[in-house]
Every structure is written in C-alpha cells, then in structure tokens.
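Undergrad: Here's the letter readout for the chains.
4 protein chains.
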Amino acid sequence: MATPNQRHRLRDIDNTGFGPNSSVEGGRLINPDGTANLKKKGIPIWERISVYHTLLRMKGKHFLLGIFLYYTAINLIFASIYFSIGVEHLLGVDGAHTPFERFMDAFFFSSQTLTTVGYGHVAPTGMMTNAVASIESLVGILTFALVTGLIYGRFSRPRAYLLFSPNVLISPFKEGKALMLRVATYKNNHLTDVEANLTLAVHEQENGKTQTKFYPLKLQFAKVNSLPISWTLVHPIDEESPLYNYRKEDVAELKMEIIVNIKAFDDHFSNIVQQRTSYTYNQLVYGAKFLPMFERAESGDHTILELDRINEHEMVQLQEPEPTSA
Amino acid sequence: MATPNQRHRLRDIDNTGFGPNSSVEGGRLINPDGTANLKKKGIPIWERISVYHTLLRMKGKHFLLGIFLYYTAINLIFASIYFSIGVEHLLGVDGAHTPFERFMDAFFFSSQTLTTVGYGHVAPTGMMTNAVASIESLVGILTFALVTGLIYGRFSRPRAYLLFSPNVLISPFKEGKALMLRVATYKNNHLTDVEANLTLAVHEQENGKTQTKFYPLKLQFAKVNSLPISWTLVHPIDEESPLYNYRKEDVAELKMEIIVNIKAFDDHFSNIVQQRTSYTYNQLVYGAKFLPMFERAESGDHTILELDRINEHEMVQLQEPEPTSA
Amino acid sequence: MATPNQRHRLRDIDNTGFGPNSSVEGGRLINPDGTANLKKKGIPIWERISVYHTLLRMKGKHFLLGIFLYYTAINLIFASIYFSIGVEHLLGVDGAHTPFERFMDAFFFSSQTLTTVGYGHVAPTGMMTNAVASIESLVGILTFALVTGLIYGRFSRPRAYLLFSPNVLISPFKEGKALMLRVATYKNNHLTDVEANLTLAVHEQENGKTQTKFYPLKLQFAKVNSLPISWTLVHPIDEESPLYNYRKEDVAELKMEIIVNIKAFDDHFSNIVQQRTSYTYNQLVYGAKFLPMFERAESGDHTILELDRINEHEMVQLQEPEPTSA
Amino acid sequence: MATPNQRHRLRDIDNTGFGPNSSVEGGRLINPDGTANLKKKGIPIWERISVYHTLLRMKGKHFLLGIFLYYTAINLIFASIYFSIGVEHLLGVDGAHTPFERFMDAFFFSSQTLTTVGYGHVAPTGMMTNAVASIESLVGILTFALVTGLIYGRFSRPRAYLLFSPNVLISPFKEGKALMLRVATYKNNHLTDVEANLTLAVHEQENGKTQTKFYPLKLQFAKVNSLPISWTLVHPIDEESPLYNYRKEDVAELKMEIIVNIKAFDDHFSNIVQQRTSYTYNQLVYGAKFLPMFERAESGDHTILELDRINEHEMVQLQEPEPTSA
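Residue numbers (the working numbering), protein chains in the order written: chain W, 230 to 555; chain D, 230 to 555; chain L, 230 to 555; chain S, 230 to 555.
Please note that the accuracy of each hint is not assured.
Identical copies look the same in the list; a pair holds intra-copy or inter-copy alike.
[As the list claims (entries may be wrong)] Straight-line distance between alpha carbons at most 30 Å, and here's what the computed DSSO-like set of lysine-lysine pairs gives:
(1) K288 <-> K270
(2) K518 <-> K288
(3) K484 <-> K288
(4) K403 <-> K477
(5) K288 <-> K438
(6) K452 <-> K492
(7) K518 <-> K290
(8) K288 <-> K447
(9) K477 <-> K288
(10) K290 <-> K403
(11) K438 <-> K290
(12) K484 <-> K518
(13) K484 <-> K268
(14) K452 <-> K438
(15) K438 <-> K403
(16) K484 <-> K290
(17) K492 <-> K438
(18) K268 <-> K290
(19) K438 <-> K270
(20) K268 <-> K288
(21) K452 <-> K268
(22) K268 <-> K477
(23) K290 <-> K452
(24) K477 <-> K270
(25) K290 <-> K447
In case anyone wonders, no lab produced these hints; they're calculated from the structure.
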C-alpha cells in the first residue's frame, strides 16, 4: 500500500465545501444522481423543501397523477360545500334524485366552475351558493395559473442531459496509466465551453479518527470547446497524481469516491447547465480501456454515436508500479 | 483603543458603492434582509417602485389577499356599471328582487364574466350591457394573464435560500483569533462555485466629521466548490486585518458594521443567486466558537445537518493582544 | 487646439464594433436611449424586426391599446363570418332585429366565444357556424396564451433602471480636472458588480476624409461592488487622457460623442443587466461640479437619495492648460 | 502543395470536442445551421429527443398546424367517447339527427368543453358523460397551459439573429493576405461583448488513414465591444497561420472546413446568445474582397446597413507565395 508520506506530500484541498469531518463510514458524499447524501433537520419541512422545485423535478407521471388528485380533492371539497348549503340552490338539479346523485350533481357543477367551463344547465342561485361559486372560479383560475407556470418550468428547466459511463477505468496511457471515464449528451442538445472537474475523496484513518481528505484529479483536458460526440475524461496517473502509488490491491481496499462535475453552456436553453455524479470504489475497473462508441454512417455523410455503448470496454494488462519501500 | 496610525496603514477601499459621506450616525448601511437602508425621493412613487418585483417579493398570504381584494374591487366596479345601466338588461335576473339583491345579481354576473365561467342563466342583452360584458371578459383574461406571470415569477425567482448565523464570533484560530460566521442552505437546493465577500464599515471621527471607511476582510477561503453542508466563513485576525489591534473594549465602543455578500451558482434555477446580510457591532460575540451542526445518521449511511443549531456556540477564553503604546 | 501629434500618440481602438468609416457628419452613433443610430435595409421588415421584443419595449398604454384594437378586429372578422353564414344559426338571436342589431349580436357572440365566456343564451347551431365557433375559441385560447407570455415578458424583462445625469461635466479633480457624469438606480432594485465603460468618439479630418476614431476613457474606478446610492463616474484628464490637451474652445469645436455602457448583476432579476447612453458635445458643461444628491433622514436612521437632483451642479473655475506650441 | 513538415510545426489542438477519428470522408462536421452532422442511436427516440426544444425550434407554420391537428385529434377522441356512451346524455342534442350529425354534435360539444367555452345549449347529463366532460375540461386546461408555455418559450428563446456571408474570402491584407468573412445582426437586436472563434478542420492522410486535425485560426480582433453594424472577421494569413503555405491549387484540393462560433451578450434577452456555422472548401473564394455594406443616409443623420449586400465582393489579384522547395 502507498506510504502515507508519499501521498501526503500532495496537498489535500479544503475548499470542496465538505468539511474534513463530514465522512460517513460506509456512506457516500454524493449520490449517483448528483445530490448530496445529506438530510436537513431542525426547521419545519415546508421551510426545508422548495415545493416548486420538487414539483419541477418530479417524474412526469407522478406530476400528472398529482394534478388529477388535486383536481378531484378540490372538487370534493367544493361539492361538499354546495351539498351542505343545499343543492336546491343549484338551478337545474333534479330534486327527485337520491342524495348520492345530488352530491354528484354538486361535484360536476363544481368541476364546471373550477375549469370555468360553466355550461349553465346547472347554475348557482342564492347569495351563499353564488358566493362560493364565485370563489371557486377564482381558485380555479389561480390553480391553473400555477399549473401553467409549473408546466412551463418543467419543460424549460435547463439540464445538461449528460450520460456518464457507469464505470470508471484505470487504462493504459502513454508510458503509464490513467483514470478514465466517458460522458456524452444523449439528447439533441449542444454544449459548448464544457468544463470538467474531478475530485477524489479518501476516508483516511488518522490518529484513530476517520478523516475525509480531498484531492483534485488533474485532467489532460479539463475544457473542450464543444461536446458534439462523446468525451473521455482522462486523469493521467503520473507522479503528481494522488493515485500514483496505488496498486490494484489498494484500490479495492480504500473507500475512495470520485466526484465528477460538468459545467457547460447549452445552446437550447442559452444557459449554463451543470451535472454531477460520483463513482465509488466498487465502480472502478482496474485494467480496461474504452472501445469507440461512434462510427461512420454507411451513407458516409455523417457520424453515428451509439449511446448504448458508452460503457463498452475491454480488459487489458496494466504495468504495475514497483513496490515502494516505506 | 487601537491607534489610528496603526489601523490607517491599512488601505481602505472606495469601490464599495457607498460614498465616504453616506454614514448615518446610529443607522446601518445594509438591513439584515440585505436591502440598503436607504429611501429614494424626487420622482413619483410609481417610477421609483418596481411593481412587479414588489409583488414578487411580497409574502404569500399578502399576495393572495391582494388578489382577493383586487377580484372583489373589480367585481364591485363592474357590478355598479351593470346596475346603473339597468339589471333588466341582464336576462334571467328576477325584477321582483330588492335593489340590494339586484346589485348582488349584477355582482355575481360580473364575477362569472371576469373569470369567463359564464354559466349563462344570467346573460347580457342590449348594446351597452353586452359591450361592458365584452370588455369585462377581456379585462378578466388580461388580469389572469398577469396573475399567471406573477405566480410563475414568484416561484421561479432565483434565491439562494441561505441561513446566516445570527451572531458573528471572535474565536480562537491557530495561534491567534479569527472572526467567524456560519452559513448554510436551508432548502433542498444545491449551490456550487460559492463566493463570499466580507466588508467592514467603520464610522470614524476625522477632523470633527464622521466618515465611513470600508475595509475588506480577507477570508481564509473566499470560495468553495459547493455548499452541501454548513460553511464557516473565517477571517483570520492577523497583522493584515483591520481588526488586528482591537481589544474587547474597542469592539463595544466602535459602531462597526460587517457586510456579507454570498454569490453562487444554483443548480435548481441554473442561475446565479446572491444573498446579502449585515452584522452590526451588537451582534458580535467576543470569545466564542461554533459547535458542530451536523452529525452522522444512526443508520450510518448519510449525514444530518441540524439547521436550528446554526448559531450554537460556546464561550471560550481569548488571548488578548498586549496593550499598545500610542 | 490640440496638435494632432500629441493626441495621436494615444492609441485609438478598433474593437468598438463601429467601423472607422461609420461616421455620420452631424449625426450621432448612439441615441440617448442606448440604441444605435442606424437603419437596416435589404431584407423584408418582418425579418428585420423582432415582433416579440418590439411588443416588449412598447409603452404600456400603447401595448394595452394594441390589445384592445386586436380584440376588436378579431371580433369584427368573426362577426362578419357568422353574419354571412346567417345569424339564424345563432340560437337565441331574435330574427326580428335590424341587420345592424343582428351584426352586433354576432359581434357579441364572437366576443363571448373568443374569451371563452360562452354564456350560451346565444349558441351556435349547424355545421358551419359550429365549426367557425370551434376555431374561434381555439384562436382565443392561442391569442391569450400569447398575451400571457407577452405580459410576463414585459414585466420580467431585465432592465438596469439607471438614471444618468443629463450633463457630463469637466470638474476640478485633485490638482487637475476630470470628466464626470453621475448615475443612480431609480427603482427599488439593487445592482452589484457594476462595471462602467466610457468610449470617446471623435470625428476627425484626415486626408480630407472624415474618419471616426475611438479612444477609451479610463475611469478612476471602473467597477464598484454595489450601487446603493449614486455613483459619479470620474475620468481623470491626465497625460494619458485623450482629452488632455483640449481647452474650453476645443470642446465646442469638436463633434465629440461619449458612449457610456454600464453592466451589472441585478438582484431582482438575478440576471446581468445593461444600459447604454451617449453624450454629444452639446451636453458637456465645462467648469462645473456635481452637488451631493443624498442626505441623512431627519430621523437619523437612514439615508435619503434625491433623484431629481441627479444633475445638480454648480459652476466653478477650472485651471486651463497652458497653450502648447505646435 | 505545402510540405507536411512546414504545416506540422503548427500545433493542432485536441480540445475541440471532436475526436481525431471523427472524420467522415466527404461529409462535414458542422451543418450550415450550426448543428453537428451527427446522429445518435442506442436509446429510444423519446429519450434522445427533447420534445420541448423540437417544438421550440419548429417553423411557425408547422407549429400552428401541429396545434390544429392536435386540437382536431383530441376532439375526435372525446367525440367518439361521448358518441359511444350515447348522445342522449348530451342534453340539447336532437335525437332525430342522423348518426353523422349526432357525432358532429358530440364533436362540437367536445370542442366547447376542451376550450372551456361551455355555451351550455348542449350539456352533459348522467354520471359517465359528466365524468368524461369533467376530465376533458381538465385536459383542455392542461393542454393550453402547455401551449402557453410553448408560445412563450418560442418567443423568448434567446437567439443571436446573425447573418453570415455565404462565402469566405481570401483577400489582400496589409502586405500579404487574410481569410475574411462577414457577419451582421439582421434584427433590431443589439449585441455586446461579442467574441468570435474560428477553427480550421483538415482531413489529412496520415499513415494511410484519414485523420481530422484541428487548427485555431487567430483573428486580428477576436472580440468587439458591440456589433451595431457589420463585422468583418479577419484571419491574417501570416507565418503563424496554418494556411500560410497554401496556394490557390491547394485550396481546391484540400477538404477543409472552417467552423465559426460567435458568442455575445444580447440586450433584448439580457442573455448570452450563441450562433455557429461552418464553411466548406467550396464556399471559399480565392482572391476577392468585400465591398462596404453600409452608407450614410441621405438625410445625413443616421447610417444605413444594407443586409442584402453582406456577400458583395469583387475579385482582386493576390500575390501568390513563392513555391517552396520540400
């Protein structure tokens, strides 16, 4: 294993935003979806949660289901109010109906008011019913103003649409080796001025306490002008790398985490987009290299990028560093 | 007290945007919510106030109340118009009603027109009433277009959601001491490329006039990559600090103000967010240090950040600087 | 007058985006509202004009008038269609009416359809009328979707809300003099990281042709952290200034134009905002200095900024540069 | 032809985002509209395509047609449902009608429900029909919320509105020559802080394989403060240029591609905008220079920019480099 002395000549960094004591034995700092592996407490949930952004990030089907349930709930509430005032104030409702039927008449009148369809074959009479209907139509308009904003917000939310290779490889590189991972945009979006940032987190034993140390992983190219095809991020494992003295056995032993952050300008949104992910030690493949994921189209006039091959790699022999004497 | 000579070797800065004469005896420059403690005059209020942003920053319940009052007011206005034209032009209104009842019929017809529910059991006849109803429905649509925009604007307005510690501490730091304050995001948002900026404002007597001087307070780390947990801003009080020669007594005596500005990129909004606050001298605690506000979850697989402990600190003894001879 | 040699030691700049031949004798390059004094030709107007932005920048009353006229026009068109199909297909219209009355019935039915009020006391029958009404209600919804977007766009359009002093002064400054102009935000908005940029354009005779030369005017402070109160932009007229050798007579003689650009981050919009203006030679006051435009509130706890005093200045004597021998 | 040695002293660059093997014989890398000449495969189309942005970038008439078809389709679907439940549940539909007429009654009722016009001369009765109508009006509101967002998104999408000259010229420049192309904004928009970036892609034979090499083309001015009139991008073909040793014959022979990227801040949108294009070898004109495309207005008080003259150039004689001995 690497001697502490050798690795510690490398300066760890303190400006990651994670404290040195934030380490969680067996846990990870960043989840694969880029969120921090963290829970907040101490203030009420409605202050801790951004409702708007939760609704924006919710899956489409959950969002639609939520709207449907909300719509039903509001109608049930107003139907109950109309029902308790008396359906006889709803002009056009047949008084001969059963209570259930009358409730449903109130329910459908409510939905016609909430959506502002207002056919009018059922219509409100009397102060109370009219006032409630007047408020309900206002509620309807405000609700759907909100829904309009949410739907627009969901679609227009800037996202990088990046696909990361599920594995990070230790591959042959020049005379030595390098840590490599691959990234590509999977939508018809176009990124320019793309910047990548890799940070290694190692949970180290120091004076009997577990300390989390952070090391920047320098990239061969940390910035590309545009990202039309795939991009292989290459961290050369040279003498300046914190991974220099690790051997195959160390990689399995150490509970490393590699935090990846990509920031770029997106043409679609004309906005900065950002996506993060993190790799833990068990996603690392020692001695492998990526295979090309694009090829020339048969017609010869364009390139084809095969996104399902983003993780395609083959195992190769690596030259191990010689054991160092402590 | 610190000798002016010693402090004045430090260069004050002029590019804060506050003039040297903007000092207000006993007042502050920046309010705790980050707005400038300033009133503007000389042009009409509707030119001085951004109505849109006032509506955006208004509390939710005030905003809803405002909409409700607006809705009632518009309906009262149009009801009065229909009433003065004559409710006999509203088809379906019973002429046998009392004037109050007839006014209310006009009121509810107005609300049905404004919200475009338009049940039709009451309907306009005659040129005048039809024309007014036609205009009211246009007003309704424009109003609710505006409300849709406002509601979207309220939700989508980029904010940093930062919680600052109510106190700023003078804490032990390395061999000396440091000024410290703590900040954390209190929502499920994620900030990256976070930059902090601290400025000290001191109202000094100079030639019998009160002058406001500004000094930058250099931070140990002025930038962090991300802000998943809390961040303690540390200004080391070393020889280069404008606070270097202050002792405990001076702090109480001087009417200092510390202006804090945090700027970051927010993942939720994909936008730059910014939040400011300011601490006055009576928020400063001399001789105290912050206690940790996060801990490992019992399950061991994530970290818990306790937001109600952001100001938790304990008193400690500080080594006082030796009295200087003037 | 300044000898060309002396001024030409200063390097003019070519990267203003204005070509050297863009000079217009007696005209200006930038209008006071910041737009370029330029017309485009050669492609159809609908390709040259951004309709959206024209509607966004239009005055509020013109915008409302435009919507009202559009609303009337669309209703007239659809009323004509219903009328030509035959109002007998509009259930509820009294056939005994005069043609004008019947047209107005069609007009009001149209407005009820366009706004989707749809009272229903007049309702479409027959294939044709139904189909037209069906299309009109779609048109109505699309139109008001557009209007919603426009209203939101108008309110949320980032603007700097900067008030510039109508005059630019040559004031005493240190041992010499300086060119000064004053700027302040006139709304309750807050700008940070404010950058100012001044460019001098001079239309010079060279080889019998009028050439426009551009010189940067260096500012004492080109950037301030925030802009809570007014900011006086100061260009010291020292040896490095292109204005160094000008005397009072030259200023009147030369057709100078000073282009001012302010760029800042605005807290309200969380966006970069920018505002430009330009001063021509006849807005320049030689020998004057600005008077303060803010003062302490009587209550003593805040500052008052008097926006109507932005241009308040008093005449002062300037030390003229000694005549230079060519 | 240029000797490889001479050209290869120039360093090609690897950070374009295009791989060295991405070359496609006879194809181009970037299409004239700025999109990459690339297809993506391997994941389902709905994951590969951003529906929102496709709808945003679609031509206006296609967008309107799409909405019309969608509206008709939804109405057909709901009409079929009402028809199969039985039109006798639609109050006001004459049962004596033919099946086609009854279907059309259901169709128009559907459109009145979807748009929330709801005249009410046809109205739903019975649980089933009421429930379907209730859902349809919800669908209508959600759909038009979506359409509102799309229309706003289409209008407010930041775009550079740049017009590029269809040809790129090799023109005389100082003592030598330069590669030139011209760009102008064609709308009433205003760009500031405009940055241009030119990259030369050459498909070279190396060891029997076609390799794509990228060379930056240095510009005389890569940045201008603003872009009020046209801007001629000038790449001087000096000793540092990768094009230095090319002669007229080489240009025809080599399959070059010049990728142009313009990035700027736009005043209208208060946002960064970006536009790309690419020129292939057959768009290059050897020995020509652009003619002015702006002139003084007859009134003398403004400038006229003639956009249809953006490509206007005249042929000129170029001094050929002397043949080099390999």
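Undergrad: If a hint holds in the structure, say so; if it does not, say that too.
TA: Results of checking the hints against the structure:
| no. | hint | verdict |
| --- | --- | --- |
| 1 | K288 <-> K270 | both (25 Å within a copy, 24 Å between copies) |
| 2 | K518 <-> K288 | neither (35 Å within a copy, 44 Å between copies) |
| 3 | K484 <-> K288 | neither (32 Å within a copy, 47 Å between copies) |
| 4 | K403 <-> K477 | within (19 Å within a copy, 39 Å between copies) |
| 5 | K288 <-> K438 | neither (41 Å within a copy, 47 Å between copies) |
| 6 | K452 <-> K492 | both (10 Å within a copy, 17 Å between copies) |
| 7 | K518 <-> K290 | neither (38 Å within a copy, 48 Å between copies) |
| 8 | K288 <-> K447 | neither (36 Å within a copy, 44 Å between copies) |
| 9 | K477 <-> K288 | neither (40 Å within a copy, 56 Å between copies) |
| 10 | K290 <-> K403 | neither (48 Å within a copy, 54 Å between copies) |
| 11 | K438 <-> K290 | neither (46 Å within a copy, 49 Å between copies) |
| 12 | K484 <-> K518 | within (22 Å within a copy, 32 Å between copies) |
| 13 | K484 <-> K268 | within (22 Å within a copy, 39 Å between copies) |
| 14 | K452 <-> K438 | between (37 Å within a copy, 27 Å between copies) |
| 15 | K438 <-> K403 | between (38 Å within a copy, 21 Å between copies) |
| 16 | K484 <-> K290 | neither (37 Å within a copy, 49 Å between copies) |
| 17 | K492 <-> K438 | neither (34 Å within a copy, 34 Å between copies) |
| 18 | K268 <-> K290 | both (26 Å within a copy, 28 Å between copies) |
| 19 | K438 <-> K270 | within (25 Å within a copy, 49 Å between copies) |
| 20 | K268 <-> K288 | both (21 Å within a copy, 27 Å between copies) |
| 21 | K452 <-> K268 | between (33 Å within a copy, 23 Å between copies) |
| 22 | K268 <-> K477 | neither (34 Å within a copy, 38 Å between copies) |
| 23 | K290 <-> K452 | neither (37 Å within a copy, 39 Å between copies) |
| 24 | K477 <-> K270 | neither (40 Å within a copy, 35 Å between copies) |
| 25 | K290 <-> K447 | neither (41 Å within a copy, 50 Å between copies) |
Comparing the model with each numbered hint stated earlier shows that hints 2, 3, 5, 7, 8, 9, 10, 11, 16, 17, 22, 23, 24 and 25 do not hold.
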